[in-house]
Each structure stands twice: as structure tokens, then as C-alpha cells.
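Take 255 as the starting number for the sequence shown in my numbering and just add one per residue.
Don't read these hints as lab results, they were simulated from the structure. A virtual CB, placed ideally from N, CA and C, is assigned to each residue, including glycine. Any given hint could turn out to be false.
[What the hints assert, rightly or not] Result set (DSS-like, lysine-lysine): computed pairs, CA atoms no more than 27 Å apart in a straight line: (1) Lys256 with Lys331; (2) Lys366 with Lys379; (3) Lys287 with Lys366; (4) Lys256 with Lys274; (5) Lys287 with Lys274; (6) Lys331 with Lys265; (7) Lys371 with Lys256; (8) Lys331 with Lys274; (9) Lys265 with Lys287.
[As the list claims (entries may be wrong)] Restraint ranges, calculated between C-beta atoms of paired labels, are given here: (10) Phe389 with Thr302: 18 to 26 Å; (11) Phe364 with Lys265: 19 to 27 Å; (12) Ala367 with Thr260: 15 to 23 Å; (13) Gln298 with Ser386: 16 to 24 Å; (14) Ser386 with Ala365: 27 to 35 Å; (15) Lys371 with Gly311: 12 to 20 Å; (16) Gly311 with Ala269: 28 to 36 Å; (17) Lys287 with Met368: 29 to 37 Å; (18) Ser388 with Asn336: 17 to 25 Å; (19) Asn312 with Lys256: 40 to 48 Å; (20) Thr260 with Phe389: 13 to 21 Å; (21) Ser338 with Asn277: 15 to 23 Å.
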Amino acid sequence: MKVSSTPREIKAPIALVFAKVSNFENLRPLAEKGAVGGVSIVVQNRDTCFLETSIVGNIELTIVQREEPTLVSVSPKGAPVNGSLSLILTPLSEETTSLTLTLEADVPIFAKAMVAKPMSEGVEKVAELLSSISFN
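Based on the sequences and whatever the hints tell you, model everything.
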């Protein structure tokens, strides 16, 4: 099952956005803010962080691939289903970037109808969290 967020427009060049989202240590200011949309983040290091959610609990995220400047692939552990998460960056102009979050999850066919809405809402919340980073 594949779920993508609504593209988020970020007022920053793609290289700067990639530099921020491809290193979880740059998310520390979000961790200090507390929960955004029911999701909070705990940063471990450059490649690992934890998302704390009220719906599914704690999910460990580990960066497994970086393709500068357009893709960061993340492997979740502790999620209710196995899958992968991709942060896809697209330049809209020299000073504007689009961020889309895509979740591909191994969901049994009988469960797809039950989990489609919560998965979509979760992807939107994480995309909102990432787009709230200060890129200045």
C-alpha cells in the first residue's frame, strides 16, 4: 500500500532543504518544540530518530539511503506494519522546493480499508512536521 502526502512548498533552495532533512540532528529544534499535530520527535544521531505518536506509539526511523539532492529513504522499526518512508524533494524554482512524503507499507489486503485513513493522516502529520523546520 502506497500513501503520499500533499506536496509541501518550502521557501528554500533544494540543496538547503536536502541538507536539513537528510541529517536528523537538524531536527533537534523540532524536538525542543514538543508535539506538532500529535507527533513529537526525539533525535538520537545523524541517521536515527524516534517519532512519538499517541496513535501507534514510538517508531524508530533510520536513514538508509541518500540521493542528493532529491531523495532520503528511511526504514521504520516498531511501526504496526513493515515498509519504507521516502522524502522526495523537487525543485520548483531556485529558491523554492516541494517536499512530498511517501510511505510504502506491507498491509494485508483485508486490512487496507481499515488502515488507509490513519496511514494517510500520519503521513500528512509527519510531512507537516518536516515542513515546519526553519530552513534559514
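**Hints violated by the structure (numbers, ascending)** = Checked against the structure, the hints that fail are numbers 3, 6, 11, 18, 19, while the rest are satisfied.
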